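Student: Spelled out, the chains give:
Protein chains: 4
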Amino acid sequence: MEPPRKLHVGVVGLGRMGKRHALNFFHNVPRAILTAVCSIDDVEREWATHTLAPSGVAVYENYDDMLRHPGMDAVCISTTTSVHAPQTIAAIAAGKHVLCEKPLATSTDVSQTVVDAATRRPDLKVMCGFSRRFDASYRDAYAKVRSGIIGKACVMRCQTGDVLDPTGFFVNYAAQSGGIFVDCAIHDVDLALWFFEGAKVRSVSAIGITAIEPDLLQYNDRDNVMGMIEFEDGRIASVYTSRMMIAGQEDSTEIIGTEGKLTINMIPVANHVQIYKPGGIHHELPQNYWERFHQAFTTEAVEFTDCCLDDTQVPVELASAVAAVEIASALQEAMITGNKVVFDDKGRRISSSSGQAQRRTKL
Amino acid sequence: MEPPRKLHVGVVGLGRMGKRHALNFFHNVPRAILTAVCSIDDVEREWATHTLAPSGVAVYENYDDMLRHPGMDAVCISTTTSVHAPQTIAAIAAGKHVLCEKPLATSTDVSQTVVDAATRRPDLKVMCGFSRRFDASYRDAYAKVRSGIIGKACVMRCQTGDVLDPTGFFVNYAAQSGGIFVDCAIHDVDLALWFFEGAKVRSVSAIGITAIEPDLLQYNDRDNVMGMIEFEDGRIASVYTSRMMIAGQEDSTEIIGTEGKLTINMIPVANHVQIYKPGGIHHELPQNYWERFHQAFTTEAVEFTDCCLDDTQVPVELASAVAAVEIASALQEAMITGNKVVFDDKGRRISSSSGQAQRRTKL
Amino acid sequence: MEPPRKLHVGVVGLGRMGKRHALNFFHNVPRAILTAVCSIDDVEREWATHTLAPSGVAVYENYDDMLRHPGMDAVCISTTTSVHAPQTIAAIAAGKHVLCEKPLATSTDVSQTVVDAATRRPDLKVMCGFSRRFDASYRDAYAKVRSGIIGKACVMRCQTGDVLDPTGFFVNYAAQSGGIFVDCAIHDVDLALWFFEGAKVRSVSAIGITAIEPDLLQYNDRDNVMGMIEFEDGRIASVYTSRMMIAGQEDSTEIIGTEGKLTINMIPVANHVQIYKPGGIHHELPQNYWERFHQAFTTEAVEFTDCCLDDTQVPVELASAVAAVEIASALQEAMITGNKVVFDDKGRRISSSSGQAQRRTKL
Amino acid sequence: MEPPRKLHVGVVGLGRMGKRHALNFFHNVPRAILTAVCSIDDVEREWATHTLAPSGVAVYENYDDMLRHPGMDAVCISTTTSVHAPQTIAAIAAGKHVLCEKPLATSTDVSQTVVDAATRRPDLKVMCGFSRRFDASYRDAYAKVRSGIIGKACVMRCQTGDVLDPTGFFVNYAAQSGGIFVDCAIHDVDLALWFFEGAKVRSVSAIGITAIEPDLLQYNDRDNVMGMIEFEDGRIASVYTSRMMIAGQEDSTEIIGTEGKLTINMIPVANHVQIYKPGGIHHELPQNYWERFHQAFTTEAVEFTDCCLDDTQVPVELASAVAAVEIASALQEAMITGNKVVFDDKGRRISSSSGQAQRRTKL
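Chains as they are written, first to last, in the UniProt record's numbering: chain L, 1 to 363; chain G, 1 to 363; chain F, 1 to 363; chain Z, 1 to 363.
Rather than coming from a laboratory, the hints here were simulated on the basis of the structure.
A pair counts as met if it fits within one copy or between any two copies, since identical chains are not told apart.
With a straight-line Cα cutoff of 20 Å, these simulated SDA-like cross-link-like pairs (lysine to any residue) come out: (1) Lys-277 <-> Thr-167; (2) Lys-6 <-> Gly-56; (3) Lys-6 <-> Val-57; (4) Lys-6 <-> Leu-309; (5) Lys-6 <-> His-27; (6) Lys-152 <-> His-282; (7) Lys-6 <-> His-69; (8) Lys-19 <-> Pro-30; (9) Lys-277 <-> Arg-146; (10) Lys-277 <-> Met-266; (11) Lys-6 <-> Ile-33; (12) Lys-6 <-> Asp-311; (13) Lys-6 <-> Phe-26; (14) Lys-277 <-> Glu-259; (15) Lys-144 <-> Ala-199; (16) Lys-277 <-> Pro-166; (17) Lys-277 <-> Glu-291; (18) Lys-277 <-> Asp-165; (19) Lys-277 <-> Asn-288; (20) Lys-152 <-> Gly-279; (21) Lys-200 <-> Ser-107; (22) Lys-152 <-> Asp-165; (23) Lys-6 <-> Leu-23; (24) Lys-277 <-> Ser-137; (25) Lys-152 <-> Asp-215; (26) Lys-6 <-> Pro-30; (27) Lys-152 <-> Ile-212.
Here the structure is a predicted model, which is why all the values come from computation and not from measurement.
Construct all of the structure, not just a fragment, from the sequences and the given hints.
Tutor: Structure (structure tokens):
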């Protein structure tokens, strides 16, 4: 009897998330074999040589070399955003399935090039990893909305609250992240597109401040931002995104319908423990999005693997990932200019309202 | 030994809230005596004749007549918004202390006339009743913010969620309410002014939909709206206001600072009971804002009475009530026009951004 | 038109609870007038002279004198437990309605003398104040159980958790309190009798320790105790009572039925505020039973007043208060002796099981 | 380079839990290989032939045959309780590591035979699987208690609430389960032994009823039981165990110390979703202990595997599993007889108190 075929996966980028993706495919995906990893960073490769190579995982410095690794079926891309699109396109060209970290790119146009490349190879699975779509709670909420228990879902309120990183890592990262809306709020935008079934954007507005990291202003970025989105079909959504959460990771979502409402994670909790001390009761929170969503990343990897091996449709449509970039980058622009960004009913941008430019304020 | 002096109070307007104010002064304010009530509505007066008159409360049809009631010290105004200002001014002219329901008026200019009248009579106490300022939880949060435990408070997220009234009462009420921002969200605007210590508004944006009551469009109103407010000092706030809450009254507030965050009522509860039935655990919610805030209304009446009798400062400054109307009415306008409304650093409105007018959408 | 008749009330005992009762009748009971107070303690009387006398409240040192106060209709007894019964009986003899703090006495026999006295004067209202029966959450739960939503209620789990009093006040108080079961757990016993509709006790068992106050052993008392109660009809209940709660007052109850379960106050909260600080989310608790139940005490006083004025039945039957003492004192005995206390089907005690006496343990 | 050695595991018993153990070792334990399974039940073996055999897992009918499977290192025993001990002893005799489901046996004596067998083979890892010790929340609580944040832990309150199984499966199962204390409450007893560091039992008392399944009486079992445990060092614990939970799986624990308190799972939740519908807010619960604890079972399998491969100490001492059976079976006896079961300070049972035998009551 033949053992079942497994998916041979390479992971490029071994930074914080890359390590997690690599270990995830290594340990937690029964139908996948981590066959190779790649990083241009010496320290990251050293980690891989120490941790993964003894188990037979090949370690590459050069991405094109890894793409030629014998027998590799698929690539997981967790490098910096600016190379997501070219690396995805190169992998497609090399005939590999691709799981690419969000966002596809910081601009709509570049994101679209990925879709174009993928369209030419319908035999390959290409998926942008919006991890929340694989989280058990979001899926439960989604199923409930689809079942109609809240009537017509028409309003969303979203929050992506990253725990404060006192090292200020994200300041320099802002140079190429596309900004906080494109880097963080894109998760909420994706949730809106998911729950609102691909509704088309009509307008976006946004404001923001630098409450703790004024240096972000040099990159046209902020640390606390708010945005509002109108969709063509009359639904609306608001997002609040912050890099200043003190207590832990706070990602919460409200989906409000004509006959009810669903919330996900309104009061974050790390586990089932509560601590009673003088004055009150305390509970801990996940300290980063990995602690909150690590199971979702496993599910994502497992399902991507299944799609590749079983030739089924990926659960997140690639076109939706482009729409998410379009909305998120428009929010970033609206925040920088102080103007509303408006789209016509074909989804094309029309001249934005000529409001006064946002004055930069340091608290 | 002489019995202590009590405040003789008249209540005008005996609708839903008026009845509550009257009974509140009648039962729950030890230093006040409900001496008279007034309503132009026959049914309301009949209620008063039946309920209050047997205990010696005078019942009037004409407001000016009530103002001449012998020995009356103060008036509580809970009529329809359009007469709040003239009735307050008339009471001041008659030398009465005034507790006026929010808002003072639907326009900034009219609201200001109340302040002008009050300024000329510094011997009288004139207060606009923003009930949340008297709620124990909001006060606890306020004290904690002042104590510095969240660092600098710089972001607020507010929700005023009125339980769905299937009678559609609020549709006709919209004709003179000033709209959902002026009628409901003004509570959140007031909270922002309170917690942000009177910060001056710089800009407001808003969007809205009619998810359940398309007839609101004829009054330029909506049933679900969102707004964003920028303040001169760089703080920001968002509001979500709805008349469509299914589960009950949902008024929640988040105050986010550089060193922590406070929330008030993130998951509403009616009491301490939880119900375990097949499938899960259930708890009930207050079914309207009175159930949620009735204690606050009592505190408000008690403290207003104390201020009048003891000649101390009222806890809500009247000027703040004007600022709240200014911001709330600007939000309403921003929603209707689709344009951001911008203020200069003197707080004067400058021409709003000439965006495309909001297209009216019916879901 | 004549003003409505009011109930003239005297309060005896002005300790911690007595002051609260006096102020409650003074401020919060519209149909009652606080007409007199009485205390044998100089400091307490001085407080009354300063606080209440200026409003016309008479202050007595001698209880019999107060009973002769002209026009007094009713007495509220909040003295030390050992005089509850004689003072109640004296008030009945003087023709007064009586609201007596729990417990009626520390023994069943003495408790019964109160019932006997009351039975001879059916024109008078005599009620033992079990405050939880007047709490909105307990009443809501009670109504839900009666409505049948949990099927047959057959198991109760109760907790009375008093916040730790570091002054050790309760050590000396133990000399005459009847012990922690009679002083504190009696609330839970009363709840069981209420929810289980006066079910008759069949047996009780109990254990206990002195975790923080070994000096309690000299009074045969403990600071943390547990008990189990079997009723004749096959229902069961457990109680946990502690004087060592660190975070605040923790009184919680579970009522478990064949088709569902109700809980009251499983996670105590002081208000609607949550505090986000590094590491997690915190909320405060009521710091004593008054903070938790003050509304219930007002409702109790209001309803007692109504019963007296309107000649209706008191909401807590006096016989139930005797049954509560019987069970609570049997629990205390079971804990001290280490033996189960058993009752026959007439409710008469039969010789307890001759287990080994409890060894005294100091942690 | 050699691939790392893996642990070859066989699973015996493929009932509800057995299937889960088999799939767990198959999918979720990177360092283990599921090499064989065994069941005397035709349907269970058919399932294995269909599900596991295609991947190379051998399927046995006879346990001794499986013990001779070439290269098998360890056995996971998830058969019915009555064969736990002999199968464990046989596996030890065959030189296999053993992970045995709880309890070791329904009697202390038989349980001890397992310890004796294991003691003779110190080279083998023999562990009784108390799953809660591997749950992240219990571990977090345990670490916090050890760190001293609640002072001296001296009181525990435990609840094991199995969701009602309307098929009545557990009635027949009661014939050999050892009863509800031995089958279910043993988890809570184990938690007490864990958190109280192996404290020795001094006495146990228990009561119980058949609220929904009177047929349990024929097996001397009940469906709702309560017990109290005294330990030699003066700590105390209570357990409530039910097979009647309507809303879902409810396993909660309170650990109360002299300086604070910890709770685990006071209000059970299935995930982060809350549902707002008319009347209130609802959330779902895990529908069985697997949904609540499946991660714990994975951790258990992973750690057991690590211990075998790395020759480290198993995280649950075998002697503790015997002590748990001793206490749990004494609780069952105390419930049946109505007598307290008392132990001397050597841990030997002394004659139990000669109380009246429990009368059997059907609600």
